[in-house]
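Student: Here the protein sequences line up with chains A and B, keeping their order. Our numbering numbers the first residue of the first sequence as 4 and each following residue consecutively. Our numbering numbers the first residue of the second sequence as 42 and each following residue consecutively.
Honestly, the hints are just simulated from the structure, not real lab data. Careful, some of the hints might be misleading.
No more than 27 Å apart at the CA atoms, straight line, and that leaves these computed lysine-lysine pairs for DSSO-like [stated by the list, open to error]:
no., chain 1, residue 1, chain 2, residue 2
1, B, Lys-327, A, Lys-161
2, B, Lys-353, B, Lys-410
3, B, Lys-264, B, Lys-205
4, B, Lys-513, B, Lys-502
5, B, Lys-253, B, Lys-202
6, A, Lys-161, B, Lys-582
7, B, Lys-281, B, Lys-513
8, B, Lys-264, B, Lys-286
9, A, Lys-161, B, Lys-565
If you want the footprint, here are the derived chain A segments under chain B, 3+ residues with CB under 8 Å [as the list claims (entries may be wrong)]:
no., segment
10, 52 to 64
11, 83 to 91
12, 212 to 223
13, 263 to 277
Cβ coordinates follow ideal geometry from the N, Cα and C atoms, glycine included.
Each chain, letter by letter, is given below.
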Amino acid sequence: MNRYILRRLIQAIPVLLGATLLIYAIVFALPGDPIAASAGEKRMDPNIVDVLREQYHLNDPFLVQYWYYIVGLLGGDFGTTFAGVGVGDIMAGKFQVTINLAVTALVMEAVIGVGLGLYAALRHGRAGDSLILAATLVLISVPVLVTGFVLQLLLGVKLKQAGIDLFPVAGVSEGWRGYLLPGFVLAGTSIAYLTRLTRNSLVEILRADYIRTAVAKGLPRSRVVGRHALRNALIPLITYLGADLGALMGGAVITETIFNLPGIGQQLFSSVYLREQPVVVGIVTVLVLIYILANLVVDLLYAVLDPRIRYE
Amino acid sequence: MRVTKGARLAAGTALLALAPAACGGSTSSGSGTASADLPVRMELGEPQKLFYPGDTVESEGAEVMAAVFAPLVGYDENKQVVDEVAESIESKDNRVWTIKLKPGYTWHNGEKLIAQNYVDAWNYAADQDNAQGANGFFSRIDGWADLNPGEGRTVSTKEMKGLKVVDESTFTVTLAKPFSQFKTMLGYTAFYPLPTVAFGGDGKITEAYAKKPIGQGYFQFDKPFNKGTDQSIDLTRYDKFPGTKPKFTKLRFKLYTSSETAFNDLAAGNLDIHDSLPPSAIARAKSEFGERYLDEADAGVAYIGFPMQYNKTYANVKVREAISMAIDRETIADKVFSGTRAPADDFINPLLDGYRPGACAVCVYDPAKAQEQYTAGNGPKTLELGYNSDGPHKEWIEAVANSLRANLDVEVTVKPFEKFAAILDELDQKTYGGMFRMGWAIDYPSAENYLTPLFSTVEIKTGSNYAGWSNKEFDELLAKGDSAATREEGLKFYQQADDILIREMPYIPVYFYRTNAAFSQNVKGVKIDLLNQIKWTEVEKAG
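Only chain A is shown next, with the shape it has when bound in the complex (with noise of 0.2 Å):
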């Protein structure tokens, strides 16, 4: 078991170095002067860019500048970016802000979603299973842009002024209660989706044999449904989950930007506009590995709800 992990996280090197190469070469081969960029609309005096290119190494060809970066980095060092922030730093607190985002999501898709895919499953083919079948339909059709928007203008501004002040509209001062909304908002469509997960996988277990088998020997209905029928049918779903974590860290861009929480999403997007290499490399290294480990953890977690998996 703990070769297996260890092996696991060797495989991890060749990948985080391939994906680090890769996105530096990407960012690299964007058009545009990354100086001029980061002054934005108005023009540097062209002095002043040839100085600051020296300073960031941008006259070398890439393979030199992705060197210095690597040896920068196996030191520990991140880098800065063009306006002399270092990188290590943002990203610990963009990076906060993002998994609490993501956990919250994560957290809601897996009570909301299994609990109403549940639900449908035991209603299978009743008014209430239409109903949110066709409620999960609305959710995964309406862009995440629309949500968001109104949901802060209703939950946010409109409940505000009537008094009521539950959802904070932006910004993460208000602590926790911040997260709340833009977590609804960032986990609605995997809500949805993990939703039907949920009720077709459970559907489709609660006709098998062995259920049949287990209601004919007397168990009480919530012990078949517990241990035999849902314990069954969450593999598909860890994989879902496990997978959208990454997702979820990634997809964040809109949700923070509605919501105005400093997470990475955000950070990312305006560093690939600025062309800051060492920042989105940074980012996506960090995204690689919690891919990487989210992956790692849900294949650990199969031989917990199989035991007939086993990893040597």
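Chain A is fixed; fit chain B onto it per the hints.
Tutor: The following block gives chain B in isolation, referenced to the frame of chain A:
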């Protein structure tokens, strides 16, 4: 030099374009518990850099700097330059300027403000090795060239020979050439002084200082600003400030990436002042905020430019005039921008002295005459319009294109560039031959600032003369204005230079910007100055 609200656009634009139409609604009820210690909360986009006076060239950082630093001069209600920290700024020949400081100013750490602080700060900003964004603002000072020998060359001195400390509160500035508007420039961010503690052992501004700048203005930083993580910048009034102090004690800048979000926060009562309302929020702001909605002139101008330097397609001035007359500015200002812009009728903005209403006759919409003149002038059969898609420009450029198609009977293609710098690159390399959008916001409130940086010959190489237009008579008039004995006399020459622009039309002025702000019930007396900054001395907390 600053044109838009910097980096925030990057994240905000995608949303801006898609933002759902705002619903009208009831008036905000607000919870009016205004305790003395609650801060006044002001909207801000994230500053692009930490706080270096010589490197803060965008509007967000400048807004913070203006609260922390006091400028040598300010601008009053009548658009006149008034002394603030300066006791007097005098010159006999517009070349050698003697600047005397008022007594009583101290830095937030208690040290006395002295003339040397200015000289140190300016020398630092002008040194190419320090790569400060506002470096160019010092180019008029004698000795600037020594500090800027060019790429790869080492700077032999650390001081401009034009700067001399006379005594503790007096210094002189010698310019390379006379410049009558020099005093007006001194209100700009780049000209703030720096205390001795700002500099580290290596002579550079320390990061610790840039995170928590010590100024001599009416607010001081509560704690260092961690760029990238902090969502607010908290300031407290500096009670030893000798000038007019604000009437409230705490000020908080809240950072937003989306202007719409900030507006929602304002509507919900979590924010007090928002001074850059997005067009999508205007209708709602008017109905919800009533008297607390401000719509004021802004000194910015938007143009359509021609690559005059290398593309002869537009060489005929009659053709350029025809294109100008074919643009329906009223409709663009009213419909595309919901009235948050005004049709342009001069190269100088109405906010400043020197503006003459209707000065540009060919800026008036006249489709019939445009068509006639265009045909007579044998204008090109196809036109191209370039713009940068990272700002809110697509809609109005499309509107201009439609005007031209309809009125000139030509084919018009609209070409988006991913960012403004990409247009500038292609203009530099002479690879783009189409017309292009251009915008200008002033650095200091002088009519001259609309002319020299954009249209003078010397600015083709290093400045902002992107058209590459050059006119000897124009340059001479600028020089006369620069060396004129008084501001008024200088203005006369600048207006004559403006006349040449109107005659030659190297750019077409399209609209003047407006500032749209709204504020909560917690505050009153919100006013915006010529540099688009809130006048903190006027703002009060509402009972």
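Student: Now tell me, hint by hint, if it's right for this structure.
Tutor: Structure-based check of all given hints:
1. At most 27 Å may separate the alpha-carbon atoms for a hinted pair to count; Lys-327 of chain B and Lys-161 of chain A meet this at roughly 17 Å.
2. At most 27 Å may separate the alpha-carbon atoms for a hinted pair to count; Lys-353 of chain B and Lys-410 of chain B meet this at roughly 23 Å.
3. Distance hint between Lys-264 of chain B and Lys-205 of chain B is unfulfilled; the C-alpha atoms sit about 34 Å from each other, more than 27 Å.
4. At roughly 16 Å between alpha-carbon atoms, Lys-513 of chain B and Lys-502 of chain B fall within 27 Å of each other, so this suggested pair holds.
5. Between Lys-253 of chain B and Lys-202 of chain B, the direct Cα distance comes to roughly 31 Å. Violation of the 27 Å bound is thereby established for this hinted pair.
6. For the suggested pair Lys-161 of chain A and Lys-582 of chain B, the alpha carbons sit about 24 Å apart, so the restraint of at most 27 Å is met.
7. Restraint check: the Cα-Cα separation between Lys-281 of chain B and Lys-513 of chain B comes to about 51 Å, which exceeds 27 Å; the hinted pair is violated.
8. Between Lys-264 of chain B and Lys-286 of chain B, the direct Cα distance comes to roughly 21 Å. Compliance with the 27 Å bound is thereby established for this hinted pair.
9. For the hint pairing Lys-161 of chain A with Lys-565 of chain B, the CA-to-CA distance comes to about 23 Å; that is within 27 Å, so the pair holds.
10. Check result for the segment 52 to 64 of chain A against chain B: holds, 5 residues qualifying (beta carbon to beta carbon below 8 Å, three or more required).
11. Beta-carbon proximity to chain B at under 8 Å applies to 3 residues in the segment 83 to 91 of chain A; the threshold of 3 is reached and the given coverage holds.
12. Restraint check on the segment 212 to 223 of chain A versus chain B: 0 residues with Cβ-Cβ distances below 8 Å, three needed, restraint violated.
13. Residue count for the segment 263 to 277 of chain A with a Cβ under 8 Å from a Cβ of chain B: 8. That meets the three needed, and the coverage hint holds.
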